[in-house]
Amino acid sequence: MLRHRTRRTTRTRRATRAAAALTALTAVVLLATGCGVTRGPQTADDLTMLIPNSPGGGYDQTGRTAIAVMENADISPGSFEVTNVIGAGGSVAMTRLMNAEGDERTMMTAGLGVVGSLYSFGAPYKLDDATPLAQLIEDQEGVLVPADSPFESIDDLVAAWKKDPDSVVIGGGSSPGGPDHLFPMQLATAVGVDPRELRYVVYDGGGPLTTALLGNKIDVGFSGVGEFEGPLSSGELRLLAVSGEDRLEGEGISESPTLTEAGIDLVFTNWRGVFAPPGISDQRRDELIAMLEEMHDTPEWKQALEDNGWIDEFKTGDDFTTFLQEQDERVATTLEELDLL
Amino acid sequence: MDNLGLLLDGFGAVLTPENLLYAVIGVLLGTFVGVLPGIGPAMAVALLLPVTYGLEPISAFIMFAGIYYGGMYGGSTTAILLNTPGESASVMTALEGNLMARAGRAAQALATAAIGSFIAGTIGTLLVVFFAPALASVAVEIGAPTYFALMVLAMVMVTSVLGGSPLRGFIALFLGLTIGLVGLDLNTGQSRLSFDQPLLADRIDVVVVAVGIFALGEALWVAAHLRRNPAHVIPVGRPWMSRTDLKRSWGPWLRGTAYGFPFGALPAGGAEIPTFLSYITEKRIAARKGHDEFGQGAIEGVAGPEAANNASAAGTFVPLLALGLPVTATSAVMLAALQGYGIEPGPGLMTDQPELVWALLASLLIGNVLLLVLNLPLAPLWAKLLRIPRPQLYAGILFFAALGAYAANLQAFDLFLLLLLGLLGLMMRRFALPVLPLILGVILGPLMEFRLREAMAISGGDVSALWSEPLAIVIYVVVSIAVVAPFAVRRLRPAPAAVAEDQGLTSDDTHTEEKVR
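Residue numbers (the numbering used here), protein chains in the order written: chain A, 1 to 341; chain B, 342 to 858.
In case anyone wonders, no lab produced these hints; they're calculated from the structure.
It is possible that part of the hints are untrue.
To be verified - Computed beta-carbon distance windows for the label pairs:
id: 1; chain 1: A; residue 1: D166; chain 2: B; residue 2: F536; range: 32 to 40 angstroms
id: 2; chain 1: B; residue 1: F471; chain 2: A; residue 2: R330; range: 50 to 58 angstroms
id: 3; chain 1: B; residue 1: P358; chain 2: A; residue 2: G317; range: 52 to 60 angstroms
id: 4; chain 1: B; residue 1: V714; chain 2: A; residue 2: N216; range: 40 to 48 angstroms
id: 5; chain 1: B; residue 1: F511; chain 2: A; residue 2: E261; range: 31 to 39 angstroms
id: 6; chain 1: A; residue 1: E261; chain 2: B; residue 2: E359; range: 49 to 57 angstroms
As the list claims (entries may be wrong) - Simulated crosslink set (SDA-like; lysine to any residue; CA at most 20 angstroms straight-line):
id: 7; chain 1: A; residue 1: K315; chain 2: A; residue 2: Q283
id: 8; chain 1: A; residue 1: K126; chain 2: B; residue 2: Q538
id: 9; chain 1: A; residue 1: K163; chain 2: B; residue 2: Q538
id: 10; chain 1: B; residue 1: K588; chain 2: B; residue 2: G631
id: 11; chain 1: A; residue 1: K315; chain 2: A; residue 2: D328
id: 12; chain 1: A; residue 1: K302; chain 2: A; residue 2: D246
id: 13; chain 1: A; residue 1: K126; chain 2: A; residue 2: D246
id: 14; chain 1: A; residue 1: K302; chain 2: A; residue 2: D318
id: 15; chain 1: B; residue 1: K630; chain 2: B; residue 2: R584
id: 16; chain 1: A; residue 1: K126; chain 2: B; residue 2: D537
id: 17; chain 1: A; residue 1: K126; chain 2: B; residue 2: L540
id: 18; chain 1: A; residue 1: K302; chain 2: A; residue 2: E138
The beta carbon of each residue, even a glycine, is placed where N, CA and C say it ideally should be.
Could you put the whole structure together from the sequences, leaning on the hints where they help?
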């Protein structure tokens, strides 16, 4: 009995030790792999970048690319900590930025989607209540149809809409207030169709939207062109028009006219930029803007723009603030027309 | 059989001693990171991906394959040992797996999971090799009505896991459906049950719910009884699977694979439904055979869902490689990885860059083999974790549960939610409410709603759209037979009712199984 007991204790102890070793090993791996993510600011020069969506999303790509360029070219004096603050389409990140009033070491990547979310969630502030630093890029939206769609041009779509807006099933990768939703709504208004009559189906991003188009579940898709380069170049999807001022490059893309070329008076772009918290000194604001300007001039950034299919549309300071107020008004008007406000 | 030759070429390119070393490192890293609760395969791959940059493409592939499979398997390990599933796909594994672990059969549970993953992963990858392009073009034709019909089928199946008291079962189910409603309505942008908390706008993460109800609820329950019920020591089990274990596992492995692969190949299939269907099937088959250990730790309940999970993961390569469509979080990370390695997924992939694709597929098969080789001996070692004295063990579980809940979104708010859900879990145990229907409600409710809304949005509110796809009709017929048959047969011939229904189910299964072989 006694002997049995002793044996069991040793065995338990050995098991405990094995378990402890495993746990320790696990912890080491976690530390080793996690350090890129959890590294906090170490010196007074280090900065924090808030990203309002999950890793891999649009804001994340833009924000992280800008940071990588700044760090590699030694533009920023210290290093960056990236924090993905996920929630409510960017409203949670925006709240954190507004609460960091006067914090001169924090920035946030934001864009058109956040403008819409702030309205949808009834946030008490707008993007220009923070300190706008610079617009970095623009992304064009496209009008996409399956290869065998009866719509040959954007005019065919407009004609069908005018006949019966409810007969065309359209879809996009964002919920109401997001870019893929605002674009068709503004397009309808521009051609004299009541946006409330449209039949818009929400998809959870570009992947599911592509599936729906390939399977002919919906007639027309509205989304950022960049995500569809594959199916467009293989001819499985066709691009009826692009939303920006100029045509885009690429196989299956460059033939598509802009809306203005097609005689529709609308230029719509999704954009992303960088903001600082409210209440920072003018001197610090200018320093941060200078940093972003320097980043914009590097060949690495030019290369990144090309790789990601982003349009180089750089605005800073007052230009950017005016642009923001314009954007804000347009989003508000569209949402009001749709009775979503 | 041209593909076979190309696959062999792929093996030729991949199999060098140096590459094998990378694969071993990948599997170990993936397993250890995947073991951390809250870190599912998607997160594990995302965290470890940078490690593979800077290697030759082929070496990077094989290391990546190791990380991927290691991460998948690591997730099941914590689900089984600590009852803390790292993603919704391993919730079903946790159910019987943790019961087995507490009965001293952790090593067997881990082994059947490892072998099941291996078999399902291998069959799945081979199916991708031979059928990806053909399957992909069929899969995109399946739309919201069919998915909705599948959800209806799953919901009907839920009634068979309500437990002894249907009233308690339904209470739990509706609690789960309610939790699933929290958050933003994707179609209208309106908040539901979010109490003006922007942090609730994105729904409550299933991982937080599962960890809260399973792990935290259990820990609180044990703590509440520790003084009166001295903790019984977890018995020391045998380290390896017995012949009976193997005999009981191979059926579930194959059936699980048959469920998992088609769902994975569907652009919106996922792993939740097939793991659940596999669990139900195994439970029914076990009940019919008369050795129903479900509820006490049945090895079939680990083998089946785990195989389904891995087959589904292999299936996601179909839309990913053939269409360039990432359909799960893991495959979205993978798409980014593949593009980083210079592979541009899409319809032209198989013809444009064959050597890279075949090297990748060969890497996946090798990664799978190595996972088995490395993890089978580790299973008894992991199992010893549970022999830590109970107070310390539960302290550890609480720590890892909190870490897991926090890691999912990096929000302190989730810790608060975790505590609340843990209290709910304690209360449910106190009032003998089954926890499984609750978790299923949280998983299935939103999926079902989303599919219904999509179908209705496309049709403009015309209900007949729900049976506009042939496959949807077939599923509804199956559902109505499943619901009506027991009553009808019982009325005609009282005794053999259960047998008739179950036979229908089995013959169906053997069909799908044969297709896989």
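Can the restraint linking K315(A) and Q283(A) be considered satisfied, given a maximum Cα separation of 20 angstroms?
Since the Cα atoms of K315(A) and Q283(A) sit roughly 18 angstroms apart, the hinted pair holds (cutoff 20 angstroms).
Compare the distance between the alpha carbons of K126(A) and D246(A) with 20 angstroms, and conclude whether the hinted pair is satisfied.
Distance of about 29 angstroms is beyond 20 angstroms: violated.
Is the straight-line distance between the alpha-carbon of K302(A) and that of D318(A) 20 angstroms or less?
Measuring from Cα to Cα gives roughly 24 angstroms; hence the hint is violated.
Does E138(A) lie within 20 angstroms of K302(A) when you go C-alpha to C-alpha?
Judged against 20 angstroms, a Cα distance of about 13 angstroms means the pair holds.
Would the hint linking K302(A) and D246(A) be met if the CA-CA limit is 20 angstroms?
Satisfied, since the Cα-Cα distance of roughly 18 angstroms is no more than 20 angstroms.
Hey, K126(A) versus D537(B), does the alpha-carbon distance stay inside 20 angstroms?
The hint holds at about 18 angstroms.
That 49 to 57 angstroms hint for E261(A) and E359(B) (C-beta), does it hold up?
Since the Cβ atoms of E261(A) and E359(B) sit about 55 angstroms apart, the hinted range of 49 to 57 angstroms holds.
Given the range 40 to 48 angstroms, decide if the beta-carbon distance of V714(B) to N216(A) lies inside it.
Holds: the Cβ-Cβ distance is about 46 angstroms, inside 40 to 48 angstroms.
Hinted pair, alpha-carbon criterion (20 angstroms max): K126(A), Q538(B). Please report holds or violated.
Holds, because 18 angstroms separates the two Cα atoms, which is no more than 20 angstroms.
When you take the CB atoms of F511(B) and E261(A), is the distance between them in 31 to 39 angstroms?
60 angstroms, violated
Proposed proximity, G631(B) with K588(B) (alpha carbon, max 20 angstroms):
Given pair K588(B), G631(B) holds - Cα atoms ~15 angstroms apart, limit 20 angstroms.
Taking the CB of F471(B) and the CB of R330(A), does the distance hold inside 50 to 58 angstroms?
Roughly 52 angstroms apart at Cβ, these two residues keep to the hinted range, so it holds.
Of the hints listed earlier, those the structure fails to meet are numbers 5, 9, 13, 14, in rising order.
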